[in-house]
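Participant: Starting from two chains that each stand alone, build the complex the way the hints lay out.
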Amino acid sequence: MNWTEILNFSRGPLLHVAMIIFIAGLSYRLVRVLLLGWERDKAKNKGSKFWGAIVNYLKGLVVLPFIPWVRRTFRHNELTFIAGGLFHLSLFVILAFGTAHIMVWKSLCGFSWKGLPTPILAFFSATGIISMVILLLNRLTQPVLKLLTRFPVWINWLVVFLPMITGFIMARHLWFKYEVIFSLHLISVSLLLIWIPFGRISHFLFYFFSKTIHGAQAGKRAVTP
Amino acid sequence: MKSQKTQSAINTYLKETGGWVASQLEACTRCGICAEACHFYQALGNPEYAPVWKLEPLRRAYEQRFTVAGKFKLALGLDKKLADSDLEHWSKIVYEACTVCNKCAHVCPMGIQLGPLIHAVRAGMAAAGLVPADLAEATEKQKTIGSPLGVTDELWRERIDWITDEWEAEIPVDKVGAESLVVFTSIELMKFPDNLAAIAKILNKAGESWTVSSTGREVVNFGYFEADEELTRLFMHRVFKAAEELGVKRIIISECGHAYDAFRWAAPNLMKVPKGVEIVHISEYIHHLWKTGRLKLKEGAFDGETITFHDSCKIQRRGGIIKQPRELLRQLAPKSFVEMTPNKEQSLCCGGGGGVISIKEADANRYAVFEMKMAQLQEIQAKAVCMVCSNCRLQFVDSVGHFNLPIKVHGLAELVSKALI
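Chains as they are written, first to last, in this note's numbering: chain P, 1 to 225; chain H, 1 to 421.
The shape of chain H in the complex, shown without the other chains (with noise of 0.2 Å):
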């Protein structure tokens, strides 16, 4: 059966559906390899998970309406229009067990985009109102609140004042003028404040002109996380708006990945962008003020405990940010630090980012793909692991918790603001 809301799933992925998605699918060749590189499949060994089949619903579309192959097949009942049933089916699939890490696009033979294909498979979940619920209910959060954990204005000034107070570590707010406007996340605003203190201190120690907003607070998309293009844009324009009002240079986006792929990439395609004003990530910039000399670090400040660096899917394999932390560690910690195999553009997911980890029912998944990170941390015997995404830290923290796990887990900032000189 056909309802209204599968019409406007298909309606988004034949919009969707440029020389630029149609060109992938046709050179898919079926060949399955995409499931070796998926951390879902993997741990879990369901055959759904394999990244070319989370496709189905757009290369259905796609073939169907566009293609004399895809309609012959039709014909000959050799597949089937999409019906409200595969869309719910799949629904669980694109957002319960894929983190849009895109490992997969980097082992198929063929090269097929496939994390920002399976973004377009969201798309038409989220165009049908089949998000999962709880996904959809931080959404609405971040949509009226301001914040997918809720986080009202009120609520966001206590918790700047409070960090501010007890860390010692000043903060600017709304300050008109600065050269850049730093957007945390709420995740670190509630969960993490000692890694949004860090950065602070690390800020005013090089002496960078900074500032917060009020009202470009929030640096998380989850209208990216579910795809859903308008809330895309809204959460973004509000920090660009922001940005707009300080007139300030750049801005700079704290340890999220999924906020640093929505506004350095995605951005410029999706809206009108501030002319002049660069995207950079927290971990670059701190590597750029280390090596103008603007910061001063110790050198070992963490030799001692094996550490080692954790590649998160949007910063570093999509973001291209690898060489800067790992210099970086190498300064804090050059007789310790060690990589995990595969590393760097070849890393393995921590299963919680592209929303996974706020949605409840995917918690096995998440724990599932988890074992395979703890084996690579046990591997090396690492003691500690640094990371420069709150949303990676999130998972890491909750399941190092979950698997009672003798390893601390660190944001690269909070170890920076340590080793300041």
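For reference, chain P alone in the conformation it holds in the complex (with noise of 0.2 Å):
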């Protein structure tokens, strides 16, 4: 087998593989979650659950991630805090920004957008990078996280790193041949895929269960988020 071969089984075969899993096993995962069964909470409301919901989305989403000092908590810990909001905010924009992946989107959908500037890409997918390492030093030398991370924790750590990492070097054309980079990047592409409904990194499907619920029971009770 030769890298071109391995290129077309990783873009074809595997590929849709992976998919099939990712799609199938979240699907599980999400009705298995709903078939347990939701109580009505009869509780009269003091304030408004829509904008409990809305606020803890909007300070979420665009303020709290950035800005560990608004809330005073995070002062033993900002680092930790901005590089995983700044992981996410990397993540998000080369995903929907890089200029291959809307190339992705645009066969999956079938419409397409403009995408950023390289050296803007270069940036983002430099600082997910940089967040990743940062946030690895901090889960093997923190005492909570020593406790909590167990074996399948280090998995979800490599499966996003390869891809990310790979992709970099891809679209920098560094030291690889194009058939060889681009096959590892779509090989550990897939492995994220096939992993992600056995492990945590599936919070992103459960954000909106949790983040909602916040939002609502701090709304009912009349307190801010």
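The hints are simulated quantities; they were obtained by calculation from the structure and are not laboratory data.
The reader is advised that the hints may include incorrect statements.
Stated by the list, open to error - Calculated cross-link-like contacts (lysine-lysine; reagent style PhoX-like; alpha-carbon spacing at most 25 Å):
no., chain 1, residue 1, chain 2, residue 2
1, P, LYS146, H, LYS92
2, P, LYS59, H, LYS323
3, H, LYS205, H, LYS249
4, H, LYS272, P, LYS42
5, H, LYS383, H, LYS191
6, H, LYS360, H, LYS143
7, H, LYS272, H, LYS241
8, P, LYS46, H, LYS249
9, H, LYS272, P, LYS49
10, H, LYS143, H, LYS191
11, H, LYS408, H, LYS383
12, H, LYS241, P, LYS42
13, H, LYS15, P, LYS42
14, H, LYS249, P, LYS44
15, H, LYS418, H, LYS205
16, H, LYS249, H, LYS175
17, H, LYS5, H, LYS80
18, H, LYS80, P, LYS146
Facilitator: See below:
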């Protein structure tokens, strides 16, 4: 098998299988949770659940990840908090506005949009990678994280890091031949997609539950989430 | 080893695990940021006090029963089944190093409701009979005698009579047809009678038609501290039954945070509650009486020494009564009222709530937390602090004594009553 064949395999059957596992696995987990049943909260509202949820999303998406000082709570661990926020921001920027990724979106949904200039993309991909390294070091040294971290967490880290680093190398045309690095990128992406339903990277799916619940609970009690 | 009691804990966890619990356990990324919010972790540095770690028994029970990943992890030896020793270990963590103040939920990037989930962990402990001895003893007293402090019917009557005489505050007992039923805590009755008398004076001054009940006389709910659902219901049922018998329109919860949380937010989901009876906290009711002109308060009555307000987790952060006590304080001490930071929803807990103060073995924990509170007080050079929860007040009075601080501790009602015109 030469690299051209490997590339054909990884962007063909492998990626398709990975996507099927990704979608089927996450759907299963979602349905599993939904089927556990939901009881209606019968306590009378003091404020608006709806507004609580809206405020919570706005705060969570816009304000807090980048301004940890707002709550004066994160004074012991600001770097982790900012690294976490920047990691997610970088990931979304690259996935949504990376020129190559836009082509993938076009093939999936039929329309496309304008990508960001290369230097900006380079900045965000580097930021994402650096943030991940900081988060790794933090996880290796913080006592609470050491206690919480089990083997699957390292897999989570690795399967996210590999597509990022291979994507970075490919976009900058460094060191490797195109077929080689593109294959490695696609294999690592497939690995990520296959792993997501089994680990905690799936939090993006349940984020909408917990975030809505917290906002609604705060709104119901007339407090700011 | 797993005995029958561990099995009852696991059964409780599985019963508690609806979509509401499951979706939040699934959302957790194990980022550990919640530890930043926990006053017990911040004060003592024990990583096991991180709120997310307190959920371990619930998480394990849930994952191993309901998720493929959980079953895999078990098969590969990456996770362990819950054993007796685990529950005993976590019992100390969830009862002695958590006030269920839910600040962690406010810092969690995912918004996971750690407080209510820790309450669920406690429920399993209660089912397994693994409640700390002191807490269990107080609960037993509430069950059999009617008060966690062991106040008997006779003693209750004597104290009410004594307070009536001593403070010249009329306290109507079992008055059928009154509009409001006021339910006090044993803490107020035995330790802060001044606060009880103050509330009586305020209500009398406002011309409120109110009463206390000799059968529904305890508002504190030690079943709720333990998270024993049956006892939680029983203790609230006593009050609801009294309210129905007296035909009142509202139940006024006196200065107790957990009680307000139980009656206002938990009761409708746990039991049948009397129709048309509203639940209000005394601080919001006093504010209402003042705003509607039924009370007149002398402006600046407490101006002089710096006074601050301590936010209670269940009344402010989880109860939404944030602006009312502040507006009252701005009337009472417009020049001397200063806020601590952080405050309101982000406030730092006193360290004694959630039953912690009733557990002797947790004394070191709560004093350590109070040192953080002390730093907050000293930062603004407060000479007095005021609050609307007797449990907080007990922790403050005890800790101020322990650390020998020159700070006066007040209940809000007590200040209001002294400023009545």
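Participant: Give a verdict on every hint.
Facilitator: Each hint, compared with the structure:
As the CA atoms of LYS146/P and LYS92/H are separated by approximately 21 Å, the hinted pair is consistent with the 25 Å bound. At roughly 21 Å between alpha-carbon atoms, LYS59/P and LYS323/H fall within 25 Å of each other, so this suggested pair holds. Using a Cα cut-off of 25 Å, the hinted pair LYS205/H and LYS249/H holds, with the two alpha carbons roughly 19 Å apart. For the proposed pair LYS272/H and LYS42/P, the alpha carbon gap of about 11 Å is at most 25 Å, so the pair holds.
Taken as a hint, the LYS383/H and LYS191/H pair is honoured in the structure, with Cα atoms around 22 Å apart against an allowance of 25 Å. Restraint check for LYS360/H and LYS143/H: the C-alpha separation of about 20 Å stays at or below 25 Å, so the hint holds. For a cut-off of 25 Å, the pair hint linking LYS272/H to LYS241/H stands: about 11 Å separates their Cα positions. In summary, the hint linking LYS46/P to LYS249/H is supported, as the alpha carbons are separated by about 18 Å, within the 25 Å threshold.
Of the supplied pair hints, the one linking LYS272/H and LYS49/P holds, its CA atoms being roughly 23 Å apart against a limit of 25 Å. Restraint check for LYS143/H and LYS191/H: the C-alpha separation of about 21 Å stays at or below 25 Å, so the hint holds. For the given pair, LYS408/H sits about 6 Å from LYS383/H by alpha-carbon distance, which is consistent with the 25 Å threshold. For the suggested pair LYS241/H and LYS42/P, the alpha carbons sit about 20 Å apart, so the restraint of at most 25 Å is met.
Taking the CA atoms of LYS15/H and LYS42/P, the gap is about 19 Å. The hint holds against a cut of 25 Å. Annotation: proposed proximity of LYS249/H to LYS44/P holds, straight-line Cα distance about 16 Å (limit 25 Å). Distance restraint check for LYS418/H and LYS205/H: the Cα-Cα separation of roughly 12 Å lies within the 25 Å cut-off, and the hinted pair is therefore satisfied. About 13 Å separates the Cα atoms of LYS249/H and LYS175/H, which keeps this hinted pair within 25 Å; it holds.
Proposed proximity of LYS5/H and LYS80/H is supported: the alpha carbons are some 17 Å apart, at most 25 Å. A threshold of 25 Å between alpha carbons decides the hint, and for LYS80/H with LYS146/P the separation of about 18 Å falls inside it, so the pair holds.
Violated hints for the displayed structure: none, as all numbered hints are satisfied.
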